[in-house]
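A.B. asks: So the chains spell out like this:
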Amino acid sequence: MNLRDRLSRAGTPQNLFLADRSSRRALRDSLDAAARVDVAERLAGRSVLVATGGQMAAALAMIALDGLVRRMVLAPPGMTAEQVPGVLADAEIDLCVTDAGCPFRAALDGLPCIEAADAALAAAPDVQQPTEWVLTTSGTTGAPKLVAHTLEGLAGGINTAAAPDPGTVWSTFYDIRRYGGLQVFLRAILGPSPLVLSDPDEPVREYILRAAEAGVTHILGTPSHWRLALMSTALPHLKARYLRLSGEIADQAILDLLRGAFPEARIAHAYASTEGGVGFTVEDGREGFPAGLVGARTGIEIVVRDDTLHIRSNRTGRRYLGEGAAALADEEAFVDTGDLVERRSDRFFFLGRRSGMINVGGAKVQPEEVETVINGHPRVSMSRVRARPNPILGAVVEAEIVLRSDAAEEADPAALKTAIIAHCRPHLAKHKVPVSVKFVPDLPLTAGGKLLRRAP
Amino acid sequence: MTLRSTVIAEIKAITRDHDKTMPPLTDDMVLMDTEFDSLCFALFVARMEDHLGVDPFGTMEVADLPVTLGDLVALYDRAAVTEAA
Chain Y
1 MNLRDRLSRA GTPQNLFLAD RSSRRALRDS LDAAARVDVA ERLAGRSVLV
51 ATGGQMAAAL AMIALDGLVR RMVLAPPGMT AEQVPGVLAD AEIDLCVTDA
101 GCPFRAALDG LPCIEAADAA LAAAPDVQQP TEWVLTTSGT TGAPKLVAHT
151 LEGLAGGINT AAAPDPGTVW STFYDIRRYG GLQVFLRAIL GPSPLVLSDP
201 DEPVREYILR AAEAGVTHIL GTPSHWRLAL MSTALPHLKA RYLRLSGEIA
251 DQAILDLLRG AFPEARIAHA YASTEGGVGF TVEDGREGFP AGLVGARTGI
301 EIVVRDDTLH IRSNRTGRRY LGEGAAALAD EEAFVDTGDL VERRSDRFFF
351 LGRRSGMINV GGAKVQPEEV ETVINGHPRV SMSRVRARPN PILGAVVEAE
401 IVLRSDAAEE ADPAALKTAI IAHCRPHLAK HKVPVSVKFV PDLPLTAGGK
451 LLRRAP
Chain C
457 MTLRSTVIAE IKAITRDHDK TMPPLTDDMV LMDTEFDSLC FALFVARMED
507 HLGVDPFGTM EVADLPVTLG DLVALYDRAA VTEAA
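One line per chain: the protein sequences are Y and C, in this order.
The working numbering numbers the first residue of the first sequence as 1 and each following residue consecutively.
The working numbering numbers the first residue of the second sequence as 457 and each following residue consecutively.
Chain Y with its partners taken away, still in its complex shape (with noise of 0.2 Å):
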């Protein structure tokens, strides 16, 4: 199976279409226009790079790559040119397909590169190959670190046999490069069904107003997008009739509003990371899972060790790519998720990441990261970076911080801590500076001399 067979097997019906807030494209023109073999040729078996500044020219180079490349590496919004390098080398990249607003085209320099608006057109292959599809995850150093997919794993949770409910519009706030987005972009390609991508510069409000005209009828958003999306007075235009959560954990809050603004929506909330695949989907609108979640299930087995989810199935990734990199999953082919639960009666509970990395919106944060910075501040000893629970992003940074022993009798406190956050802003995107800073006078370390990360 490769996404252009699908289409074509599902005839392409003409009302089938890509929107963006620019443009909107009728996927049959799309795939009727692919026919040239040049770039085919050029393509072919290659391990290519997909660096496009929108969604829209990325999901027009999947569907036109899948099958004919060897190997696909979405460069998610926000990558660097100073991560471009090790992507490059770990993923064996020798072609990029690229365009204008890609925000670190001078870092592909040197490199073969075809415009994404011609790789688009590629021909369909004469022979096909099963590509590999590689998402980025964030890695402790700052470096992404890049998981290798199959069409098929990434695809496991999605139910391909079955029509689309009639006049299926699918959307997602958040993009298609990332796991969760990518689900949804794949959810409407096998349907098949229309998609309408977001665009991150776009106010919420003007987002739904366009998702509404489109007619989106399945929508997806991290928790905070939904906080957010219920505070716009454009809300109500839009007529979903199936919400989907993840990227967050979903709190019992969140479900609730959702449910008393679409009291006839299917509302589910989807565990899913770029390691582990689709665990498991709950609607019955409470937080949490069912406790019979965990065993084996058809496709699936799912178990609890030191309190961490621990995953098999064959819709986590197959691996890391690059020398020397860690193997994804152990001996048994269980991936460790690093996300804790606890048990309570029936069900479980998510209780954050065992790394202290911090989701803010979406968004990660790796706390060693963010420490650096704040320890590179003259008057800084030491501290340690911890999510501080928010009820709109549902989390934030927040900073202990140990002062130089010639600092300890501050004559202005505020104002060091005011300095300090100053001294972070340019070192750290925005979501990663901490909101406030909290002066202790010691750090718990652990009986190996790292700082005691989870919660005593």
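Hints should not be assumed to be uniformly reliable.
Simulated pairs of lysine-lysine, DSSO-like, Cα-Cα distance not exceeding 27 Å [unchecked claim]:
| id | chain 1 | residue 1 | chain 2 | residue 2 |
| --- | --- | --- | --- | --- |
| 1 | C | Lys468 | Y | Lys430 |
| 2 | C | Lys468 | Y | Lys417 |
| 3 | Y | Lys364 | Y | Lys438 |
| 4 | Y | Lys438 | Y | Lys417 |
| 5 | Y | Lys438 | C | Lys468 |
Where chain Y lies over chain C, by a calculated footprint (3+ residues, C-beta under 8 Å) [as the list claims (entries may be wrong)]:
| id | segment |
| --- | --- |
| 6 | 464 to 472 |
| 7 | 505 to 515 |
| 8 | 520 to 530 |
Since the hints were made in silico from the structure, they are not lab data.
Since we're looking at a predicted model, the values are computed, not measured.
Each residue gets a CB set at the ideal place from its N, CA and C atoms; glycine is no exception.
Guided by the hints, dock chain C onto chain Y, whose structure is given.
C.D. replies: Below, chain C without anything else, positioned relative to chain Y:
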């Protein structure tokens, strides 16, 4: 400082730190229709919690969700009263 002026001062400080251009802050301004994005909003709620010791967003119903700046001030007003009671 009145609660209203605290709200306005925080919105101004956050939008300045984040290079956002805001329209005049009037009671009927719809925050979500401006450049005040989710991160700005999250910062705002955290800073207000530091000022007032309350987070009215932690427990609320759809009808309480603030749409306009006036709604937001009223929400914190009610929360501050509840906290004092």
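A.B. asks: Could you tell me which of the hints above the structure violates, numbers in ascending order?
C.D. replies: 6
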